[in-house]
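> In case you want the letters, here they are:
Protein chains: 6
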Amino acid sequence: MTFIRPLGRAADSLRPVTITRHYTKHAEGSVLIAFGDTKVLCTASVEEKVPGHKKGSGEGWVTAEYGMLPRATHTRSDREAARGKQSGRTQEIQRLIGRSLRAVFDLKALGERTIHLDCDVLQADGGTRTAAITGAYVAAVDAVRSIQKAGKISASPILQAVAAISVGIVEGTPVLDLEYVEDSACDTDMNVVMTADGGFVEVQGTAEGKPFSSAEMATMLGLADKGIRELIVAQAAALAQD
Amino acid sequence: MTFIRPLGRAADSLRPVTITRHYTKHAEGSVLIAFGDTKVLCTASVEEKVPGHKKGSGEGWVTAEYGMLPRATHTRSDREAARGKQSGRTQEIQRLIGRSLRAVFDLKALGERTIHLDCDVLQADGGTRTAAITGAYVAAVDAVRSIQKAGKISASPILQAVAAISVGIVEGTPVLDLEYVEDSACDTDMNVVMTADGGFVEVQGTAEGKPFSSAEMATMLGLADKGIRELIVAQAAALAQD
Amino acid sequence: MTFIRPLGRAADSLRPVTITRHYTKHAEGSVLIAFGDTKVLCTASVEEKVPGHKKGSGEGWVTAEYGMLPRATHTRSDREAARGKQSGRTQEIQRLIGRSLRAVFDLKALGERTIHLDCDVLQADGGTRTAAITGAYVAAVDAVRSIQKAGKISASPILQAVAAISVGIVEGTPVLDLEYVEDSACDTDMNVVMTADGGFVEVQGTAEGKPFSSAEMATMLGLADKGIRELIVAQAAALAQD
Amino acid sequence: MTFIRPLGRAADSLRPVTITRHYTKHAEGSVLIAFGDTKVLCTASVEEKVPGHKKGSGEGWVTAEYGMLPRATHTRSDREAARGKQSGRTQEIQRLIGRSLRAVFDLKALGERTIHLDCDVLQADGGTRTAAITGAYVAAVDAVRSIQKAGKISASPILQAVAAISVGIVEGTPVLDLEYVEDSACDTDMNVVMTADGGFVEVQGTAEGKPFSSAEMATMLGLADKGIRELIVAQAAALAQD
Amino acid sequence: MTFIRPLGRAADSLRPVTITRHYTKHAEGSVLIAFGDTKVLCTASVEEKVPGHKKGSGEGWVTAEYGMLPRATHTRSDREAARGKQSGRTQEIQRLIGRSLRAVFDLKALGERTIHLDCDVLQADGGTRTAAITGAYVAAVDAVRSIQKAGKISASPILQAVAAISVGIVEGTPVLDLEYVEDSACDTDMNVVMTADGGFVEVQGTAEGKPFSSAEMATMLGLADKGIRELIVAQAAALAQD
Amino acid sequence: MTFIRPLGRAADSLRPVTITRHYTKHAEGSVLIAFGDTKVLCTASVEEKVPGHKKGSGEGWVTAEYGMLPRATHTRSDREAARGKQSGRTQEIQRLIGRSLRAVFDLKALGERTIHLDCDVLQADGGTRTAAITGAYVAAVDAVRSIQKAGKISASPILQAVAAISVGIVEGTPVLDLEYVEDSACDTDMNVVMTADGGFVEVQGTAEGKPFSSAEMATMLGLADKGIRELIVAQAAALAQD
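Protein chains in written order, with full-length UniProt numbering: chain X, 1 to 242; chain F, 1 to 242; chain E, 1 to 242; chain Z, 1 to 242; chain S, 1 to 242; chain Y, 1 to 242.
Be aware that one or more of the hints could be misleading.
Claimed, not checked - Not the full set, but computed from the structure, chain S residues with beta-carbon under 7 Å of chain E:
1) His26
2) Arg89
3) Asp118
Hints listed in this document are in silico derivations from the structure and should not be mistaken for laboratory results. Computed from a predicted structure; not experimentally measured. The beta-carbon is built from N, C-alpha and C at its ideal position, and this holds for glycine as well.
When you get a sec, could you build the whole thing from the sequences and use the hints?
Pasting the structure below:
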């Protein structure tokens, strides 16, 4: 027996993806990305200096921070700034976003400057971290273009596109791009980050209920591969407009 | 000689105001308010309990929190959650929003429940706290309607509308609704919170440069009165749609 | 019907004001100021460097911190150092004191040095922030004199005197300089900071109960003006002794 | 060309594993586990209450904390208690350990009590998180035995064994159980948590340098499977002694 | 050769001691104590409940907090509330004050209530912790009297008086009650807390320079004994007035 | 009547002392010291720079940090890193260890470098701070030897050995080296730090129950002297091996 997804979505279908560039006006890159009802504002800010561990290295740095507005979720969660610290979950996600984006950057070619990626969830419905990575890539491209336009670098230090998607097993059925009701019911949840050339940057699979098998893993990775190819097309389409 | 405002705006004109209700889907009230390029997302969340100092009082509570996305501003500012504390400015503003909204609530009639107002600045161009108060009022009305719809209270505990606007003196000219370039150049900056019946809830005037006179104060209060009347009309218009 | 004040004080009378200079021995300026039973120790400390945002500017800085001893109040309040953070109220007050004093300083003439104003409430009975500003001015003058005596500057960088007082409406009656029992019962509470030449530096009015009208505001500002003139005379008298 | 491992270790060999039970005397379970020069002290403490989100649920809880002594590493790192917060890395690891152990617990059968797993690294040489999970399992079994011995539960709530190992690709060669010099040079680092019946609990793979392919992933998972089988034998051997 | 003390004070002389009761009006006990230029405000506050570890025990609790105003010292020190934490020195001192006072309390006879002792240094010139203990005792007696006056207990739970003094060796000379210039130059610094019947509550001796001998220790303890007898007379004299 | 110690230990006997050098491999000095069941890992790390207050002084610095693994004790205590701050007790102990070790260092001869002493309690049974000081001395010697071996200094900057022991009065009987059950029952607890030549570095005596007399103090100091002589022999024996 197979699990029926909300709105009859096929097991291997993404939710509708929209990518809106120049969403806010101050940031060098500013992208609102939606995976269905999940909406994340990704900004990329360029700073003409690097953190201590990169000073004098001739290399740049790419770093990310992640946040969730208190009422992005079904019930209001505490504001992290008011509580005085970021949760373990928040830190884990922002470290993942940072690593994923650095994987496609030639930090030497970036030069001694930092790109700060801020991913703030305006509305959450599952998959906020994968939407964040996918949107942050587009924002990063816009930020790099602004550095190029300013004549500070000529070639782009970005090696290729990167995107992310979740896959999972819900009631025995492997599905792509879990929304919230699926995510909270799933047996296994896996986030996959891949590059345009099909390489893996990150694979993070967690058995929420019973452990998963090698065969299930292979199926999930296949779904992820399909989803990420579609996301990379969507990123390219958004970046082609101007 | 008189100061010429950006885009030739008249000294006593508001920037274009837009109020978008139901901007996000989870919150009982969710309003995106724009004063020109200043954009604040105001959500109102209903919680069926009250903080310690109200327990057993038969009264409800209305409270506010304020935040600014790191790249809402011209140059990126540190994320307060990452720094581990809210700035004095943030706390001052969220205390102001909370007091302003409580001023139009009959807390007895609200019953033992809390309305949390979260005002998050997506894009800043001056006047974020006044936009926040004006938008939070609309979100609060929607939240109250949801409580009424759930049959928990019949009459609204909101006594009347409340809105806020900034006024100031820039190069000797009193102006209404300062945008960022005016704010950073002004001699005096005043935030005024008023109710629909014309009463003052808060008046906070600060001489940034030289002290201001009684006459200047009277002029500024007159401008504020005009602006707030217009904002209250805009709030009513937004709330009339459904 | 009119509100009768404690001890039969007239509506437009200040409480007895005493200003004791050289209250402690280490600080360049050290003033114990009393507004009736409210007693605040204001010290001014000179530091021969400036914070980061002023480095190399040729300008000095004036900043303030505010604290309340745990048992300055009717019931003991938590020690902020033990709790690990300053309350929003504390931060709001110390920002107000800092702005008020900077308003009468020519920071260029001060030179690249900082004056730290520490206002610590030994005993509270309403009006601690206004007493703090009024006392901090006297401490600042003594600190400036010490810099002059050391031959580091010749002319004083202080442009004129500044003082502060609260006004409010208690049971319908506008009154000057609220003490604690009045403050906790008032409909409107307004703190006014003015200079010797009658200009406003700060006006912060808050409707605690029902909103206040323009007419009430005018009456309150008139009372404040009278009170501040008297405080400025008291400051001058204290500074004339040596 | 193939990468030669330190001490000529084969690509698919674990470092010597030792598991010492009853290492300290107060904890219900206390295990010193060594993967070569990596030494982690894992204690399991039983507390007869559960955290808030489990109260009244009839279920127990299993949670973990992770720490590293300041000089467990080549150069001394700051003490987290002195800095006043745990790093993102620490939080990520302790969340992983907690999830991994909960995956083999029947929380209902545990009853309303908590098992706290404390994993403190005395000496680090790569693979501290996998050693921690592997050792924490043994400590958890001892803690469960103590609850059984006290007559509070009869059957063990532990469903099966769980262990963890790292795999990676170093200079093109897939290797098992990376030590520090390998870890800091590797292209891909993957931590795998598996149960005795061969199911995956967690798979976390990260491309440090260039992205990895599906084929490389399959090879790494095969190595992990071999290593974990050996670890589960070692756990059983240690638990058989008494 | 012998060390000559400031102002020709004899090696075995205390500085002038003054004890002013009822220094502030809200606290149940409020004492300003001066040891020469060291001035500490000690308040005792009665709270009709006990901390968690004493709940239901039938016993009361006595606890202390210590603070130093930022400009109590020669050069301004950071405000602990602003820095967000108390220094190790502050915590060490407040723990010492708390233990010293508890040593003379029959907590059973106090009943389930807490006495909070707040010792805030207004001006520092050496010996602030010993002045704090000596003054806190007087404040505690006043607080106990207020509990008795309220008819909540009849007999005093205070067993006997307690006081504290510093002794040290400066340039080879053992001296009593070190002031700041002596303290910063001494080889050995010892704080002694004793009861009226001559028993030791605390002895804390530290060699700042070279270690001290048994003979030096005996001499220092003799000096301390003399000083404490005099302080206990001064406490009694202050408490005899009313 | 006399108190009978656990295991029939004589009142003036130490518990078995073992000192294991080179316990972990990365630190310049690494010592596991056991006083009976109390086990403390003391590492000494050399850093080729000094803290701010020593920069340019030509002097080095010696500093200590102390920690307790959560389950070193009978019942698990909170992890300080997770709580976000070190307790007052922890700070007091680490300040004591630092002062004690600095007392035997010629900081000038050390040169501008820092020795960090980390004392982490693996298992606690009373006397952790005295074991820490005694073990830290041995680790410090090994660290100094490594600096000498590297040719950076020739003569050792350590002037003589230092060790520490606790003494106390349990049920009227003065005893040496209190273990946990004695410590929690004692009337007086005293920690004594002495050098090889018999000088006192620190004496910290606290009356837990009733105050102690001069005669009791003399007896306790005699016991301490005996114990410390034995510890210094044990340190020397451990350091003689290589």
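> The structure should be examined with respect to each hint, and the outcome stated for every one.
Verification of the supplied hints:
1. His26: holds (5 Å)
2. Arg89: Constraint on Arg89(S) not satisfied, violated at 12 Å.
3. Asp118: holds (5 Å)
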